[in-house]
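Student: Going by our numbering, the first residue of the sequence shown is number 1107, and it counts up by one from there.
Any given hint could be a false lead.
As the list claims (entries may be wrong) - Here are the simulated DSSO-like cross-link-like pairs (lysine-lysine), alpha carbons at most 30 Å apart as the crow flies:
#, residue 1, residue 2
1, 1227, 1246
2, 1295, 1246
3, 1227, 1295
4, 1244, 1227
5, 1295, 1244
6, 1227, 1237
7, 1246, 1112
These are computed hints drawn from the structure, not numbers from a lab.
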Amino acid sequence: MQRLRKEQINTISEGLIEVAQTAKALISMNGFDWEPANQIGRHFWMNCFHRYAEKNEQPPLPYVSVVPWGDITDRHQISQKANVVDYAPNTLDGMLPSLSRYQRLFLMVDDGLRFCHADSKCDSFRVAFEKAIEQLAKGKDNNVRSSVAVLIGGDLTCLLAVERRLSADIPVVICTGTGGLADVLAYVKRSGLDSETGQVPLN
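Using the sequences plus the hints, can you model the full thing?
Tutor: Shown next as C-alpha coordinates:
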(Lines of atoms letter the chains of each structure in order from A and count residues from 1; the text may use other names and numbers.)
(Lines give C-alpha, C1' and ligand atoms only; values in the text may rest on other atoms or scores of the structure.)
Protein backbone atom coordinates (compact mmCIF):
# COMPACT_ATOMS: atom_id res chain seq x y z
CA MET A 1 0.00 0.00 0.00
CA GLN A 2 1.45 3.30 -1.03
CA ARG A 3 1.08 6.29 1.25
CA LEU A 4 -1.76 8.51 0.12
CA ARG A 5 -0.97 12.02 -1.01
CA LYS A 6 -2.48 14.92 0.91
CA GLU A 7 -4.78 15.85 -1.96
CA GLN A 8 -6.06 12.27 -2.11
CA ILE A 9 -6.83 12.27 1.60
CA ASN A 10 -8.63 15.61 1.32
CA THR A 11 -10.67 14.50 -1.70
CA ILE A 12 -11.73 11.17 -0.20
CA SER A 13 -12.51 12.65 3.22
CA GLU A 14 -14.51 15.56 1.82
CA GLY A 15 -16.39 13.15 -0.43
CA LEU A 16 -17.28 10.92 2.53
CA ILE A 17 -18.48 13.90 4.55
CA GLU A 18 -20.59 15.24 1.69
CA VAL A 19 -22.18 11.86 1.01
CA ALA A 20 -22.86 11.27 4.71
CA GLN A 21 -24.49 14.67 5.12
CA THR A 22 -26.62 14.25 2.01
CA ALA A 23 -27.75 10.71 2.79
CA LYS A 24 -27.69 11.09 6.58
CA ALA A 25 -25.67 7.90 6.54
CA LEU A 26 -23.76 5.98 9.17
CA ILE A 27 -20.11 5.70 8.16
CA SER A 28 -18.45 2.39 8.98
CA MET A 29 -14.67 2.22 9.34
CA ASN A 30 -12.24 -0.56 10.20
CA GLY A 31 -11.05 1.23 13.33
CA PHE A 32 -7.38 0.29 13.28
CA ASP A 33 -4.50 2.71 13.65
CA TRP A 34 -2.76 2.01 10.36
CA GLU A 35 -2.55 3.47 6.89
CA PRO A 36 -4.48 4.59 4.94
CA ALA A 37 -7.50 4.32 7.24
CA ASN A 38 -5.70 6.33 9.92
CA GLN A 39 -4.98 9.20 7.53
CA ILE A 40 -8.56 9.42 6.31
CA GLY A 41 -10.04 8.80 9.76
CA ARG A 42 -7.92 11.58 11.25
CA HIS A 43 -8.86 14.07 8.54
CA PHE A 44 -12.52 13.08 8.82
CA TRP A 45 -12.52 13.49 12.60
CA MET A 46 -10.67 16.82 12.55
CA ASN A 47 -12.94 18.18 9.82
CA CYS A 48 -16.06 17.31 11.82
CA PHE A 49 -14.56 18.69 15.03
CA HIS A 50 -13.61 22.07 13.58
CA ARG A 51 -16.82 22.36 11.58
CA TYR A 52 -19.07 22.08 14.64
CA ALA A 53 -16.84 23.25 17.51
CA GLU A 54 -17.88 26.90 17.16
CA LYS A 55 -21.57 25.99 17.18
CA ASN A 56 -21.16 23.84 20.31
CA GLU A 57 -23.27 21.14 18.69
CA GLN A 58 -22.90 17.41 18.44
CA PRO A 59 -21.57 16.52 14.96
CA PRO A 60 -24.48 15.01 12.99
CA LEU A 61 -22.20 12.54 11.19
CA PRO A 62 -22.30 9.24 13.06
CA TYR A 63 -19.58 6.73 12.36
CA VAL A 64 -18.77 3.38 13.89
CA SER A 65 -15.83 0.99 13.72
CA VAL A 66 -16.34 -2.76 13.36
CA VAL A 67 -13.24 -4.63 14.52
CA PRO A 68 -12.30 -8.23 15.37
CA TRP A 69 -11.61 -8.57 19.07
CA GLY A 70 -8.78 -11.03 18.50
CA ASP A 71 -6.79 -8.52 16.46
CA ILE A 72 -6.70 -5.81 19.13
CA THR A 73 -3.47 -5.37 21.07
CA ASP A 74 -3.45 -4.57 24.79
CA ARG A 75 -6.98 -5.89 25.19
CA HIS A 76 -6.68 -5.79 28.99
CA GLN A 77 -6.84 -1.99 28.81
CA ILE A 78 -10.34 -1.95 27.41
CA SER A 79 -11.96 -5.14 28.73
CA GLN A 80 -14.54 -5.03 31.52
CA LYS A 81 -14.53 -1.27 31.78
CA ALA A 82 -17.65 0.54 32.92
CA ASN A 83 -16.39 4.00 32.07
CA VAL A 84 -14.80 5.60 29.03
CA VAL A 85 -11.32 4.16 28.56
CA ASP A 86 -8.39 6.46 27.89
CA TYR A 87 -6.82 4.13 25.35
CA ALA A 88 -3.71 5.40 23.59
CA PRO A 89 -2.81 2.83 20.92
CA ASN A 90 0.89 2.21 20.69
CA THR A 91 2.86 -0.82 19.53
CA LEU A 92 6.63 -0.97 19.76
CA ASP A 93 7.19 -2.98 16.60
CA GLY A 94 4.49 -1.23 14.60
CA MET A 95 3.31 -4.57 13.23
CA LEU A 96 0.27 -5.39 15.35
CA PRO A 97 -2.86 -3.27 14.86
CA SER A 98 -4.15 -1.01 17.61
CA LEU A 99 -7.38 0.92 17.77
CA SER A 100 -7.53 4.28 16.06
CA ARG A 101 -7.19 7.17 18.49
CA TYR A 102 -9.54 9.25 16.34
CA GLN A 103 -12.58 7.01 16.79
CA ARG A 104 -14.73 6.44 19.83
CA LEU A 105 -17.51 4.00 18.92
CA PHE A 106 -16.49 0.39 18.30
CA LEU A 107 -18.43 -2.80 17.65
CA MET A 108 -16.13 -5.67 18.57
CA VAL A 109 -16.76 -9.09 17.06
CA ASP A 110 -15.07 -12.15 18.56
CA ASP A 111 -15.04 -14.89 15.93
CA GLY A 112 -11.72 -16.55 16.73
CA LEU A 113 -10.30 -15.49 13.39
CA ARG A 114 -8.21 -12.57 12.25
CA PHE A 115 -9.87 -9.92 10.09
CA CYS A 116 -7.70 -10.84 7.12
CA HIS A 117 -8.88 -14.46 7.21
CA ALA A 118 -10.89 -15.51 4.16
CA ASP A 119 -13.77 -16.73 6.37
CA SER A 120 -13.69 -13.77 8.74
CA LYS A 121 -16.98 -13.58 10.62
CA CYS A 122 -16.14 -10.01 11.55
CA ASP A 123 -16.30 -8.80 7.97
CA SER A 124 -19.42 -10.92 7.36
CA PHE A 125 -21.00 -9.26 10.41
CA ARG A 126 -20.04 -5.84 9.08
CA VAL A 127 -21.68 -6.58 5.73
CA ALA A 128 -24.85 -7.84 7.46
CA PHE A 129 -24.82 -4.74 9.68
CA GLU A 130 -24.53 -2.41 6.68
CA LYS A 131 -27.19 -4.33 4.75
CA ALA A 132 -29.59 -4.11 7.70
CA ILE A 133 -29.16 -0.33 7.80
CA GLU A 134 -29.75 -0.23 4.05
CA GLN A 135 -32.98 -2.22 4.34
CA LEU A 136 -34.17 -0.08 7.23
CA ALA A 137 -33.63 3.06 5.18
CA LYS A 138 -35.33 1.56 2.13
CA GLY A 139 -38.31 0.67 4.28
CA LYS A 140 -38.84 4.39 4.81
CA ASP A 141 -37.89 5.53 1.31
CA ASN A 142 -37.25 3.06 -1.52
CA ASN A 143 -35.07 5.61 -3.34
CA VAL A 144 -32.61 5.90 -0.45
CA ARG A 145 -29.16 4.36 -0.78
CA SER A 146 -27.53 4.45 2.64
CA SER A 147 -24.71 1.90 2.23
CA VAL A 148 -21.79 2.46 -0.13
CA ALA A 149 -18.41 0.76 0.30
CA VAL A 150 -15.25 2.69 -0.57
CA LEU A 151 -12.18 0.71 -1.68
CA ILE A 152 -8.86 2.46 -1.03
CA GLY A 153 -5.84 0.46 -2.13
CA GLY A 154 -6.25 -3.00 -0.68
CA ASP A 155 -4.96 -6.52 -1.29
CA LEU A 156 -6.39 -9.92 -2.25
CA THR A 157 -8.13 -10.16 1.12
CA CYS A 158 -10.01 -6.99 0.27
CA LEU A 159 -11.20 -8.69 -2.91
CA LEU A 160 -13.25 -11.05 -0.72
CA ALA A 161 -14.64 -8.06 1.17
CA VAL A 162 -15.63 -6.42 -2.13
CA GLU A 163 -17.31 -9.64 -3.29
CA ARG A 164 -19.30 -9.88 -0.04
CA ARG A 165 -20.64 -6.37 -0.45
CA LEU A 166 -21.57 -6.76 -4.09
CA SER A 167 -23.40 -9.98 -3.19
CA ALA A 168 -25.29 -7.99 -0.54
CA ASP A 169 -26.24 -5.38 -3.18
CA ILE A 170 -23.95 -2.76 -1.62
CA PRO A 171 -22.24 -0.56 -4.25
CA VAL A 172 -18.45 -0.35 -4.16
CA VAL A 173 -16.67 2.89 -5.11
CA ILE A 174 -13.09 2.27 -6.30
CA CYS A 175 -10.64 5.09 -5.53
CA THR A 176 -8.16 4.93 -8.40
CA GLY A 177 -4.63 6.15 -7.83
CA THR A 178 -4.52 4.76 -4.28
CA GLY A 179 -2.54 1.67 -5.28
CA GLY A 180 -3.11 -2.02 -4.61
CA LEU A 181 -6.36 -3.74 -5.47
CA ALA A 182 -8.17 -0.49 -6.25
CA ASP A 183 -5.88 0.26 -9.18
CA VAL A 184 -5.98 -3.36 -10.38
CA LEU A 185 -9.79 -3.40 -10.45
CA ALA A 186 -9.84 0.01 -12.14
CA TYR A 187 -7.52 -1.35 -14.84
CA VAL A 188 -9.73 -4.42 -15.32
CA LYS A 189 -12.77 -2.15 -15.61
CA ARG A 190 -11.09 0.00 -18.26
CA SER A 191 -9.55 -2.86 -20.24
CA GLY A 192 -12.35 -5.40 -20.03
CA LEU A 193 -11.85 -9.11 -20.73
CA ASP A 194 -10.55 -10.70 -23.89
CA SER A 195 -13.51 -12.16 -25.79
CA GLU A 196 -11.61 -15.36 -26.64
CA THR A 197 -9.54 -16.11 -23.54
CA GLY A 198 -11.71 -14.42 -20.91
CA GLN A 199 -8.55 -12.91 -19.42
CA VAL A 200 -7.48 -9.32 -18.86
CA PRO A 201 -5.22 -8.04 -21.68
CA LEU A 202 -1.77 -7.05 -20.41
CA ASN A 203 -0.97 -4.47 -23.05
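Student: Next step is simple, just say for each hint if it's right about the structure.
Tutor: Results for each hint:
1. 1227 - 1246: holds, 29 Å
2. 1295 - 1246: With a Cα-Cα distance of about 34 Å, the restraint between residue 1295 and residue 1246 is violated, given a limit of 30 Å.
3. 1227 - 1295: holds, 29 Å
4. 1244 - 1227: Answer holds: residue 1244 to residue 1227 is near 25 Å, not above 30 Å.
5. 1295 - 1244: holds, 29 Å
6. 1227 - 1237: holds, 15 Å
7. 1246 - 1112: Given pair residue 1246, residue 1112 is violated - Cα atoms ~38 Å apart, limit 30 Å.
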